[in-house]
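A.B. asks: Now for the letters of each chain:
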Amino acid sequence: MDWHQQYIGKVKHAVFHTQKTGRKRVVVSTEENVIASLDLRHGEIFWRHVLGINDVVDGIDIALGKYVITLSSDGSTLRAWNLPDGQMVWESFLRGSKHSKPLLLVPTNLKVDKDSLILVSSKGCLHAVSSIDGEILWTRDFAAESVEVQQVIQLDESDQIYVVGYAGSSQFHAYQINAMNGELLNHETAAFSGGFVGDVALVSSDTLVTLDTTRSILVTVSFKNRKIAFQETHLSNLGEDSSGMVEILPSSLTGMFTVKINNYKLFIRLTSEDKLEVVHKVDHETVVSDALVFSEGKEAFAVVEHGGSKVDITVKPGQDWNNNLVQESIEMDHQRGLVHKVFINNYLRTDRSHGFRALIVMEDHSLLLVQQGKIVWNREDALASIIDVTTSELPVEKEGVSVAKVEHSLFEWLKGHMLKLKGTLMLASPEDVAAIQAIRLKSSEKSKMTRDHNGFRKLLIVLTKARKIFALHSGDGRVVWSLLLHKSEACDSPTELNLYQWQTPHHHAMDENPSVLVVGRCGVSSKAPAILSFVDTYTGKELNSFDLVHSAVQVMPLPFTDSTEQRLHLLVDDDRRIHLYPKTSEAISIFQQEFSNIYWYSVEADNGIIKGHAVKSKCAGEVLDDFCFETRVLWSIIFPMESEKIIAAVSRKQNEVVHTQAKVTSEQDVMYKYISKNLLFVATVAPKASGHIGSADPDEAWLVVYLIDTITGRILHRMTHHGAQGPVHAVLSENWVVYHYFNLRAHRYEMSVTEIYDQSRAENKDVLKLVLGKHNLTAPVSSYSRPEITTKSQTYFFTHSVKAVAVTSTAKGITSKQLLIGTIGDQVLALDKRFLDPRRSINPTQAEKEEGIIPLADSLPIIPQSYVTHSLKVEGLRGILTVPAKLESTTLVFAYGVDLFYTRLAPSRTYDSLTEDFSYALLLLTIVALVAAIFVTWVLSEKKELREKWR
Amino acid sequence: MKKKLPLFALFLFFFSLLLFCHSSLAFESDELLVDDEEFGLEGGSKPQIKPHEPAPTRSTTTTTRRKVSDQDSDSKIQFSLEHAFGDSDFVPAGTFSARLKTSSHGGQTLTKLRFSRNAFTGEDKEKFEKLLQDDDFYRIRLPSNTVSPPGRDYIISSVKARCLPREGLDEHFVIHMEGVNILAVNYGAFGACSYPRQLKLPHKWSFNSHTVLKNSEQAPRAPIFAEEVLGENGEGEIIPPPERSFWAKYWMYLIPLGLIVINAVTQAMNMPEEGVQGGGQTQQSAAAIQRGTGSAVRRR
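For the protein sequence lines, the chains are A and B, in the order given. Just so it is clear: in the first sequence, position 127 is 127 by full-length UniProt numbering, and no numbers are missing. Just so it is clear: in the second sequence, position 6 is 6 by full-length UniProt numbering, and no numbers are missing.
No false leads were mixed into what you were given.
Think about it this way: if two alpha-carbon atoms lie no more than 25 Å apart in a straight line, the pair counts; the simulated SDA-like pairs of lysine to any residue are:
1) Lys101/B x Asp153/B
2) Lys24/A x Thr108/A
3) Lys645/A x Gly151/B
4) Lys130/B x Ala620/A
5) Lys792/A x Pro861/A
6) Lys527/A x His550/A
7) Lys527/A x Asp153/B
8) Lys944/A x Gln267/B
9) Lys688/A x Gly107/B
10) Lys833/A x Pro220/B
11) Lys101/B x Glu642/A
12) Lys944/A x Asn270/B
13) Lys214/B x Ile711/A
14) Lys949/A x Ala268/B
15) Lys249/B x Gly852/A
16) Lys112/B x Phe190/B
17) Lys663/A x Pro907/A
18) Lys677/A x His172/B
19) Lys487/A x Val282/A
20) Lys792/A x Gln654/A
21) Lys616/A x Asp153/B
22) Lys886/A x Thr539/A
23) Lys101/B x Thr720/A
24) Lys944/A x Ala268/B
25) Lys130/B x Ile711/A
26) Lys214/B x Arg786/A
27) Lys645/A x Arg152/B
28) Lys849/A x Pro220/B
29) Lys583/A x Asn498/A
30) Lys127/B x Ile711/A
Going by beta-carbon spacing under 8 Å, a handful of chain A positions derived as facing chain B:
31) Ser596
32) Val633
33) Trp635
34) Ser636
35) Ile638
36) Met641
37) Thr712
I should point out that these hints are in silico values taken from the structure, not numbers from a laboratory. Quick reminder that beta carbons are idealized off the backbone N, C-alpha and C, glycines included.
In isolation and in its complexed conformation, chain B is listed as follows (with noise of 0.2 Å):
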């Protein structure tokens, strides 16, 4: 439950937020939508990326129509990923564009990661089914620095290729930044990759893409404990745990003694025929017996 209810908020308000963009305008989002921090939305891209469609002509046109409206916010960079089948060259595959925060201290950040994918040409298409044959790795990389790509070298990852297709070709990236930055990229099938691989065709030919933006998480500092509370912890090693149940302080000494009960309960009831009711109960003690024979014999 705890964990459903920001959930639930976040769909609400990309729910609210796409209406609001339907509303406003007839533009056409083709580009996935991405929350800045760690949530990726599916699906965003499958209203661009149809099969049998000059899309990569189409995905040049959606970044030039960005950059003409980016001209006045000279804070958006965009760097590309590559893709390669197996051992074959990079070839540029798609684009992430994504806002530059610059804050108060000189640190840059990036945030609200958009990602659009170019479509696969028949030609790729036949590599990737080759990969799918041989169970081979398809590989990708991006940039190790965003501001001025490709920084030191390529950040590779590689999956298997079998991995990926589901209905479509579903992928997950998780970027790790280190400012403007990427220190790796951990992409991979959205769910399970079960071992060993089967082989299996994608029905459709295009990618669900699902990205993650991740910075390093703080670690909790050191427990600092005022000095009563210390005190108090040393006491409370000393201190005996609390009182158990009488039951279960005793239970080994009260069991042989209901058995002997029982035994003397039986052999009393195998003497002359006074019978004496309730002799099954375990609770009683030998004293309380006597009592209760001696009440007996008195009632007679």
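Looking at chain A on its own, in the form it has when it is part of the complex (with noise of 0.2 Å):
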């Protein structure tokens, strides 16, 4: 019924680890904050720690073979973890003035007793930490002699290290330092007219290159016998165009480096007369490892190529470009991309040779490790990012087609037979029974690839950072299918952002499969033009993809649909005009309709602005384009900037459902809820709290809540928090919002409620008008006219912080709601919407009681049996999707962060379907009997009535 899956996200840093510990493993560090020790065999995770989402793993390293070092925060938090079973052994804070780049450096050889030390230069300092107890042992401050450390090198053999950095941009400083107390040896400086810019790259331990500030020059550092001399080298003396982006790789082989120019890379050796030459150029997809040290100093550098479908893997050794140790061509997936990174791995063959290993990171974020020519195991860790979910139906079950004609081919079904009956036979292998357990799993009844009845089988279509997207299947969790979008050559850098339903086929368009709009930007800015793409949802094939003219700020479905079932949306550019999707006569048609019914609003947070739009007229441009309109702006809200912030707008879920417009309450009286599909929430805090908690004092810190009817700018509710600041995390559902704070004079999270009625139709009680139709219950709702609301509002403590908050929803709305809180735990809380209702009084009579009103209690109680997600935690949990079944008193919940979790939920219990453990058979019986008794006690009656009468 529920599943649970763990990722880790894109691998930045990989660290081998193989030998002393019993099973292979490798150390990975993630753009996820993620650190994680996976299984060499068969890529399982053994631990894993997600970091905080500031917490940025800048390196890694293994220190005395059985630490695993840590930096990250910029820099700032050095940590060691056990190896073998991820414990935290010590932490240590690095403190600096000043930002600069932060370099983690365990040297080998620099032992004291049984201690190592690890440097660390971070903040504009260098600090050595011991490496057992974490303690600091020395730091020297290069900050405050405005030198910007760009590389810490170890020599050879020795206890010595050199410090390199710019002061300015031109001026050269290297620090000969002695490793073991701090102590300054030497120091060295030397000005260099050109200016640095960029990476440097050390080729050897004396020598490394850089760019100087025209990126057409470069620079040839040297440092040895404590003189410093540069050396220049035009680009274009080594027969290269150097017009364009030019930028060094940063790297680690001996004696080369890499420079990436324009799209192709080039790999420039060093000399032994310290002269520049080419020796291979290649295209900008190819990757380099670093260099790994195997045997006696030997090294090693693999090299990852792209050929049509194919991925060639190179390992060469060390300064040699055209010995190759290891030549391997493995088929790749289309659906992965391209390679992004390498990292090398060796081991020792059967026959005591060298072999190489290399784990292999693609665009698609999914981690590889590759092996003798074959994908051993693989990841698809972009699941760790997802940005948006979906949902789409499942195909139904067509008569007389089988299910296994949709699902396999013939030969697949016959096989599947095959081994079904060998498995009756007895003959079968462990592989064979697991293939028949894979079968079994596959056509049992949760997993199939159809729609059932209660509308529990869904596929979940998620998007990620990767610009991939998954179809998830609800029953198990499995990948259905999974597309990498396709890049156009006009952009190189897309961002997805959002997914739409695009057409969910029902009534007259079931010929049609469904499909979901992808809407993403070329560029991060987001006056950057948009792309949208169309995806089959059943196929999971691209079906369409355009890059647009202009941007797409916000992105509106309209309710309206055309023949096909194709969903109108309008995209909003940044000039204000809305452009209509589809393009087609129909669709312009049904909005011509609709024209003067459309609104639209724009939350301008940075300005504190909110303003609400309709539309004026068609796009006056030189170009005729039918479906661009002009819009004009209605109504503004201008919050002053010196008082208030914005940090949360929420809105309603647009497909939600409510079923009742009154509430009925204990006095026998009606009220009826103020339900609006135009509500927005605004919450803002004073500029001074809007920092992190414990920034400002209760006195200058205050949170205002806002409600505001979105077509007309009306402002419905609008409330201050004294003492209170953010970050808030709100939920707004049929006539009531739910908001999460931080309360500073209590120094405790609260939550409010505010519930909205509306008092215009609370005169709608009388029967008799009811009858005679003289109510205005069904006449049409404006936002023009005059609001009569009242609002109640209640406040509890809650003890959590919260990451995010949703609230369920069922297919009639009938069932009652439960809050579903994302804790700061990474656990989903299920909580009723009882607990959050203002009319709770601290003595509710007796009728409030049977209403369901909870005596008021002053925090909102945390059942520890109502967690959701049970003993299970969803790591780096960023969003909760509810999902309504078909079965009114089920919801299906998706949360999602860096693991995914699936579960379905039934707030008021299935009141609706007998359980699943229901025993049919009993009921069966009982019937039966009762039948049986009856003809029994039939037959002896007669029987009985012919004896009286014989009488």
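From the two separate chains plus the hints, produce the assembled complex.
C.D. replies: Here it is in structure tokens:
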């Protein structure tokens, strides 16, 4: 019924560790700030730690053969984790005055007794840290001398280190330091008129290469024998065109470095006469690993090149480009995109020769281990970085066509039957048994590829940061299909933003497959042109893709569909023009009908302005575009910059269903809910208190909450919480809003609820009037009418800080609601909405109790059994999605972060279906017994009657 | 009843105020009287604006007059309302004046907001009629800062023009303030504006304005209970609900029992002619019936 999957994210560093530990493993750090130890044989996670969202890992290494050392938070936190089990051993905080490039160096030979040193350069300082207990042994401040450290170099076989850096952009400094005590042995400095820019590449222990400020000259800096010498080599002298973007790529190859020019890479070698020469030229898709030292100082590195559908991996020894240690070619799924990173590791083969394995990070964030020309395992780690989720129905099971035809080809079907036959005849090998299990699982009720009666089986369509879309089966969480979005030539760094349901066929377009719309943009700025892709959710094929000329600041699905059930969408560009999609004449005719009823709003959080807009006219431009419309500002709300700052804006879910408009209270009174789709909740805080908790006094902190009608800009409700501050997490549903914030006076988190009731309908209580139709319940509601509303609010303390809030949604909205709260412990807590009812009082009357009103308490209860995630954690929780099932009592919940978790919830129990453990046999038996008893007694009574009559 | 009392009191208050004004001197109040908080007085501007009258000049005279009288009290401010018909440019349409109250701790608030609207010129009227024809927007704007207008930007609000006409043109302002800043203005019809909007021309081309100034409300504090209340609450959940009546508790047993009794009684009645009286009463127990029959027998 529920499943949980663990991921780590896109790997950025990997350290292999094969000696000493019995099981071979690799330690990785990822872009989701995860440190994990993976099994090299199967790719499973041994242990894993998810660091905080601001705790970005800068480097990892292994010290003493048993500790994993991580440097994180911009070089300010150094931690050691026990390699076998991932327990944290120690943690040190490194202080410094200035930002600088964080560098982590764990030298192998700097040993004192059993301790070894860790050198960290961060925040302008160089620290030497003991690897046993994390004690800072010595610190040297380079920022005081205004030197920005570029590289820390360990000299071979000695306890001296070189620290090189720039002061300004042209002064080069080289320090020679005794690593044991931090004593300065020598300091050399020299000025280079051209200036330095970008990364440095270390070619040998006393030579490095960098670029001058024009980015056209390679500067070789050698600092041996206490002398600094510069040597300039013009890129054009190497026979290369140096126009365009030139950068030195960080690498650790000896005697060689890599320069990226436009879209190709140059391998340049430093010859023994200190000359530079180009060794090889490859296209930019080629990736090189770091140098790996194996057996007696021999070095190797791997080069990965693309060739059609294949990927060629070559392992080359040290400095010799033309020689290959290993050359392998593996078939690669084109859905994985390009190779982004490669890490290599060596092992001893059975014949005592050296073998190499490579860990490859692909464009789609997946991680592969390649050995002997085969992919040993792969991990789909794009799923750790989900941006947006939507759901899609599965195909309907068709009469007459067997499910087998949909899923397998005939051959597969035959094979399956053969396997089953083998299984029954006890001939199956362990692999066959596993295969049979897999087939059984696949054909089992919950993971079928067809729609079910209760609507439990669905496809979860997820969009990830890797631009890859996955369809997950809700039954068991397996990946049904995945698609790496097509990248057009016009745009090299597209980012994806959102998923929208483009086409959800029902009724008259049954033959069409449902599809989703993926909106992205080319680049990061909001003014960048938008990209639209349409993806079929059954087949996972990209149907179409457009590079638009305009940007998409906002996307609005309209509540209209055309004859093929394609939903109309409006895209708002940065000039506040709106563009209608799909671009068909049918869409435009539908749109024209509703032209005057289309309103939208925009929240400019940085300016503190909320604006309402309406469609004005067709775009006036040189090019006539029927699908482009000008808009005008209808209303605006301007928050004073000095007192309020927008921190949250939440609107109702568009597809939410409300079953009843009225609420009958215990006094036989009716309260009408104010239900409007155009409600916006906005929370603002004092600018002083917009930082983290504790940065402001209670007296200068306040939180103001607003409920705004987005058609007219009317502020329906406005309330100030003094002494409160964000972060605010809110959920708006039906006629209520629940929000979570911090109360500085009480030093606790609080949750408040506000419910809105419509007073204009309050007179509709007379039954006679209702019978005679003299009521305004069926009259269309207009936002332009002055609303007569009342609001009720209540506030409670809540123990946890919150990462996400959602509310359950069911098919008809009859079932009572539960709030789903993603707690700081990465769990999901289900809290009945009844606990957040502003009508709660300390001593509810008898009637109120019967209505289900809970006596008021000052804090919300956290019942351990109501954790939806049980004992599991959804690490790095970011969002919770709730989808109604067809069964009214049930809602489907999908929580995502670094991990994924899916479950089914029934907030009021499954009142509309029998439980799974219901005994149908007993029911049948009872019926049969009853029928039998009726017959027996009937016969008996007949006989008795006969006897009576004969008497 | 509860609601009506303060309303009535306020009404009395205004009535007396009006009376006082009237009796003291022949000062013709030409502005809308608005309470400083949340109460709009209806019809204050009625005597001022009459159609076919050069009203704009008149309103300017009122403002100048006020300025003269305000020389001594420097805490009065004015800001103008501007309007636009459809997508036209904004032009001045009226003036708000208010008293700026500076509290001891430096906060400034506006009180005693008054509003005087310029009457429609013939041109305005034509434009407005066109708006009514097209079902277009009538837009207004106010400065976002009342002390140094326009502040950061203008606060815009609009309404479908067809919502306004009633007897005259009814408009309703709700101005949301934060100190001297205007956050938002909700502008619209005084009452309902049902959809679909019917085209209706006003009988009188004069505005009937209602103005409300709103400040933020305080949120209710989280309930903080003393320990014993909590304890009581905790117990309260354990304590079983109070005893229900006998009938409420055992009706499901009593009804079948009653049926059995009726059954028994009818059977007894069908038996030989010793008809038993009062057999139809449901609340009798079987034992009582037996006793009853027994007594009947004895009686005979």
